[in-house]
Amino acid sequence: DATLGRRILLVFQTLGVVFGDVGTSPLYTFSVMFSKAPVKGNEDVLGALSLVLYTLILISLIKYVLIVLWANDDGEGGTFALYSLICRHAKVSLLPNQLPSDARISSFRLKVPSAELERSLKIKERLETSLTLKKLLLMLVLAGTSMVIADGVVTPAMSVISAVGGLKIGVSGFSEDHVVMISIAFIIILFSLQRYGTSKVGLVVGPALFIWFCSLGGIGIYNLVKYDTRVLQAFNPIHIYYYFKRNSTKAWYSLGGCLLCATGSEAMFADLCYFSVRSVQLTFMFLVLPCLLLGYLGQAAYLMENHVDTTQAFFSSVPSGAFWPVFLIANVAALIASRAMTTATFSCIKQSSALGCFPRLKIIHTSRKFMGQIYIPVMNWFLLALALVLVCNISSIYEIGNAYAIAELGVMMMTTILVTLVMLLIWQINIFVVLSFAILFLGLELTFFSSVLWSVGDGSWIILVFAVVIFLIMYIWNYGSKLKYETEVKKKMSMDVLRELGPDLGTVRAPGIGLLYNELAKGVPAIFGHFLTTLPAVHSMIIFVCIKYVPVSVVPQNERFLFRRVCAKSYHIFRCVARYGYKDVRKENHQTFEQLLIESLDKFIRREAQERSLESDSDDDSGSEEDHSLSRILIAPNGSVYSLGVPLLAEFKDTSNFGAEARALEEGKLETSSSTDQISIDAEQSLEKELSFLRKAKESGVVYLLGHGDIRARKDSWFIKKLVINYFYAFLRKNCRRGTANLSVPHSHLIQVGMTYMV
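The sequence shown begins at 1 in full-length UniProt numbering and counts up one residue at a time.
Worth flagging that the hints you see were computed from the coordinates, not collected in a lab. If you're wondering where the values come from, they're calculated on a predicted model, not measured in any experiment. Note that the Cβ used here is the ideal one computed from N, Cα and C, for glycine as well. Careful: at least some of the hints might be erroneous.
[As the list claims (entries may be wrong)] No farther apart than 25 angstroms at their CA atoms in a straight line, the calculated lysine-lysine pairs in the BS3-like style are these: (1) Lys484 to Lys603; (2) Lys124 to Lys492; (3) Lys250 to Lys482; (4) Lys245 to Lys490; (5) Lys134 to Lys124; (6) Lys603 to Lys492; (7) Lys482 to Lys722; (8) Lys548 to Lys484; (9) Lys250 to Lys40; (10) Lys734 to Lys548; (11) Lys522 to Lys548; (12) Lys603 to Lys522; (13) Lys734 to Lys715; (14) Lys484 to Lys135; (15) Lys734 to Lys492.
[To be verified] Distance windows between CB atoms, simulated: (16) Glu688 to Glu125: 44 to 54 angstroms; (17) Thr592 to Glu486: 31 to 41 angstroms; (18) Lys569 to Val433: 53 to 63 angstroms.
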């Protein structure tokens with residue numbers, strides 16, 4: 001059965017990509033817990049087990065699998081996906097480049113808060129009017145993202161060292177130095193294989209991880225039968241109370257180790273873009289969770305009779321005859337877990353870069369079929385170097401475990417806050433449900449966080465420092481980009497200046513098309529005036545091109561370009577906003593992009609002519625002035641009436657009444673009735689003249705005009721501002737991926753002019 005085969009394949013791929021991290025937590029959870037609170041008797045084992053079971057059920061199952069996964073943005077998960085979802089429903093972005101037409105993108109799927117729910121409207125209004133709340137929300141998102149990236153460093157170190165550490169049980173005299181050397185080799189291999197796509201690796205590691213989960217369940221059942229079934233009493237939460245009563249402060253210290261059983265929960269959400277919510281939920285509930293519970297129950301059953309074997313609790317509990325096969329599959333699972341978090345890190349960086357919160361980096365798409373599968377070479381080797389530093393300097397799994405818990409808890413708390421906001425603003429559910437979610441999970445995570453912060457001096461401070469550095473990079477980049485955009489808006493050219501210059505713009509208009517790239521979504525950029533004074537001639541047709549990312553995951557190709565005319569027809573100047581979602585792949589070369597843009601401009605000119613004809617007919621009847629609004633009315637031959645927004649390339653919905661006409665209109669071939677919709681002879685001649693001008697300009701060649709607008713702090717600025725703008729932000733801009741690299745334009749078709757703004 002092909003359908004059954006596809007489902008089995010999907011389960012294997014889901015295991016290989018999504019559940020690797022959470023699946024390896026039995027390797028180290030009990031070992032780290034009991035390093036803080038040594039076992040004194042069976043009651044301690046039951047109490048620790050009860051803590052682990054309910055942490056796994058509450059955080060991994062209830063919070064993430066049953067609730068958070070539904071807060072996805074069109075199938076995209078992660079901190080920035082949540083932020084994008086909120087930005088779409090409330091104007092909270094600090095970069096003021098939003099356009100009203102963005103809401104007409106079909107993938108926007110905006111759900112406006114209903115009038116009956118005043119709470120949602122008040123929250124939306126408060127978010128949009130308070131600059132402080134906007135900044136606070138952004139800082140929460142950046143903090144969560146920095147923790148995800150830090151997680152991409154600590155996960156390989158923790159997983160691999162824990163798995164390789166099993167050799168100390170299987171080989172007598174095997175030292176910690178040997179574990180570190182082998183772990184370093186494994187980590188290097190892991191990051192070297194990262195360039196291969198998720199689907200390719202997922203097909204290989206999926207079956208391996210399936211065997212791993214089956215091994216966990218099988219070993220758990222074996223230990224339950226052989227040692228002590230009384231561990232099933234741990235499902236009674238009263239044992240948690242007894243555990244804290246007996247161990248007091250030590251039990252509180254052990255909470256950081258307990259949290260490790262839920263590591264990988266955030267990776268499930270971040271890696272959601274590869275699979276459906278339902279497939280992740282079903283795989284977790286019917287395969288992953290039962291095997292994990294059995295694995296922890298089996299370890300606890302073994303520890304009930306072997307209190308001293310807590311340093312390597314998992315491998316000590318493995319039957320001697322199965323040790324080496326389990327050791328082998330455990331190491332494979334550890335490498336898979338590391339890949340899962342690294343993949344999530346890449347996705348997170350791409351999202352944050354698209355939304356203006358991370359410097360642009362080279363992104364390689366590893367799959368032609370799945371556009372979400374990416375590889376970022378610079379970050380890959382950066383994470384490798386930091387992971388090796390962590391392994392070499394902190395070889396103890398107890399210290400790394402504390403660092404691991406800090407990174408996980410940081411992003412978990414940010415996710416809880418953002419999902420709470422989604423519940424209030426978008427889901428519009430009962431306030432008591434929202435408060436219950438926020439109080440339960442935020443309170444639980446803050447309790448865990450207080451425990452791990454107490455042990456931050458054990459070496460886990462390295463991860464905190466790394467997360468702070470990433471946070472500062474993201475904040476400085478966002479701050480500098482915002483300042484640069486606001487300055488360009490203030491410095492933009494006045495339309496009166498263009499009118500005074502006349503159609504020739506005060507210079508020679510050479511045949512051809514000039515694509516002037518800038519970041520302004522509206523207005524004439526100041527850099528254009530710099531081109532006019534610097535170059536001996538400008539092209540006969542100028543198009544201001546703005547690459548703009550909107551808060552959606554994907555923008556349909558037929559809605560990519562947004563056109564408007566700048567000045568009168570005789571100037572031949574247009575504005576084009578090329579819109580992308582944060583998940584979109586900009587893989588077209590410059591020739592393909594040129595072709596798409598010029599074809600779209602051709603359609604725009606035709607539509608504009610049709611609309612002007614309709615307006616002319618209306619003016620003859622009513623004598624009213626020309627309507628300059630974006631949205632106008634078009635009457636199809638069959639009498640259907642629908643809105644036509646001239647700047648948009650695809651605003652038409654295909655319906656049973658006028659689907660054929662809408663498609664014909666997109667091709668510029670919609671015929672109007674002879675009485676009211678016939679374009680006049682003069683209008684036809686004007687249209688044909690302009691289209692002919694466009695074709696000749698295209699034949700003469702297309703040149704890319706790139707203006708590098710840099711910013712410098714004024715002399716009277718504060719010292720901190722000078723330091724941030726003149727050094728840190730300038731360094732990031734100098735070393736990030738420039739526009740020429742993104743466009744892949746040959747140098748013969750490229751003109752660059754620099755301009756510096758004082759801010």
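For each hint, the structure was consulted:
1. Lys484 to Lys603: 33 angstroms, violated
2. Lys124 to Lys492: Answer violated: Lys124 to Lys492 is near 31 angstroms, above 25 angstroms.
3. Lys250 to Lys482: At roughly 47 angstroms apart (the allowed maximum being 25 angstroms), Lys482 and Lys250 break the hint.
4. Lys245 to Lys490: Roughly 64 angstroms between the alpha carbons, so the hint for Lys245 and Lys490 is violated.
5. Lys134 to Lys124: Holds - the C-alpha atoms of Lys124 and Lys134 are around 11 angstroms apart, at most 25 angstroms.
6. Lys603 to Lys492: 28 angstroms, violated
7. Lys482 to Lys722: With Cα atoms ~16 angstroms apart, Lys482 and Lys722 stay inside 25 angstroms; holds.
8. Lys548 to Lys484: Holds, because 15 angstroms separates the two Cα atoms, which is no more than 25 angstroms.
9. Lys250 to Lys40: 12 angstroms, holds
10. Lys734 to Lys548: Within the cut-off at roughly 21 angstroms; holds.
11. Lys522 to Lys548: 11 angstroms, holds
12. Lys603 to Lys522: With a Cα-Cα distance of about 21 angstroms, the restraint between Lys603 and Lys522 holds, given a limit of 25 angstroms.
13. Lys734 to Lys715: 22 angstroms, holds
14. Lys484 to Lys135: 17 angstroms, holds
15. Lys734 to Lys492: Given that 25 angstroms is the threshold and the Cα spacing comes to 24 angstroms, the pair holds.
16. Glu688 to Glu125: 44 to 54 angstroms: For Glu688 and Glu125 the Cβ distance comes to about 50 angstroms; the hint holds.
17. Thr592 to Glu486: 31 to 41 angstroms: Holds: the Cβ-Cβ distance is about 33 angstroms, inside 31 to 41 angstroms.
18. Lys569 to Val433: 53 to 63 angstroms: 57 angstroms, holds
Going down the numbered hints, you'll see the structure goes against 1, 2, 3, 4, 6, while the others check out.
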